[in-house]
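Chemist: Okay, here's what each chain looks like letter by letter:
2 protein chains.
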Amino acid sequence: MLKATWEELGSQEFASITIDRIAQRSGVHAATIRRRWRTVEGVITDMLSQHSEKIPIPDAGSLRADLHAVTQSIAEFYSLARNRRLVEAVVTSAAREPGAAEVLRAVFKNRIQRVSVLLERAVERGEIPADTDAEEVIAAIGAPFYYRLLITRRPIDAELARISAESAYLGAVEGIFRTKGSRPD
Amino acid sequence: MLKATWEELGSQEFASITIDRIAQRSGVHAATIRRRWRTVEGVITDMLSQHSEKIPIPDAGSLRADLHAVTQSIAEFYSLARNRRLVEAVVTSAAREPGAAEVLRAVFKNRIQRVSVLLERAVERGEIPADTDAEEVIAAIGAPFYYRLLITRRPIDAELARISAESAYLGAVEGIFRTKGSRPD
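Chains as they are written, first to last, in this note's numbering: chain A, 1 to 185; chain B, 1 to 185.
One should not assume that every hint holds.
Which copy is meant is left open, because identical chains are indistinguishable; a pair holds if it fits in one copy or across any two.
Said to hold, decoys possible - SDA-like mimics (lysine to any residue), calculated; alpha carbons at most 25 Å apart, straight line:
#1 Lys54 with Glu159
#2 Lys180 with Ser79
#3 Lys180 with Val28
#4 Lys109 with Arg84
#5 Lys109 with Gly42
#6 Lys3 with Glu135
#7 Lys109 with Val173
These aren't lab readings, by the way, just hints derived from the structure by calculation.
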């Protein structure tokens, strides 16, 4: 069923995908799909959650190298038009349905937990302050990609991955992501 | 007419705003609105363009202070739920309509031109490399806000403005936004 949706996304604009088309392609009854996922957006959000579980967590020995590896996999993922459409569909859905917004938050919370290990290792190696806010670092890694995807709507490339990794690395080393209470200002 | 739409955004969820409601509130015929803007999204995108023209361009004597001033005005703008809905509406629209995507690009291109002057001054003062890519710096300033708005969907606050300004400043000073051809890698 999710595979059928994936194929639909590969061949159609998001606006033209319907529960009936997914039902037709997958052989699952439309009523069954509606009962479980309610909307096309619901189906797509579920796909995103499943993808999120598969992101590899690098361990290259330095935070800088790890961050470059992470941003390169993000860039590869979004170099496919189908994956761009996937995230567009989820963000669009989240703006209209509280349920989809909730799933989006859950997906990214899970992603933060998975990537936090890179930062824990960097703290252990003494590369960054111990009170670095993992959530803010991960936001800094992802933000340039979503800006490019959703705002300027230009292609994702290796140059963007480099900027994203270097920017997050510099900020983390310089302590700009330290938790609020511990900064001297 | 745009004022009526603004009021609708202040009191309604985006999904419930229609051309007919805007017509009713503004006293402009629905047919006239449809002829000029085609959709609700079209009306809202036009509002965003008009807002963009009004962003103040600071001149505080240092790039760091200028960037903090810019991110503080962005944070103030998005602290209002109505303005969050405005940008959500535009991004959602851009994902579905090539026309809206085109306007979004035009709005941000204009914003880049306006903010570029801060970077030109910083280059003149010798704060950042002469070949700094203004577009990438401006993307770096905006990206954390749109990530917070559209992905994690949490409130915008002064802390985010601080992180955004410091991150863009550090990156610019360290040369990570230099145009590709001129970096030694």
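Chemist: Checking against the hints above, which ones are violated?
Modeler: Numbers 3, 6 - these are the hints that the structure violates, sorted from lowest upward.
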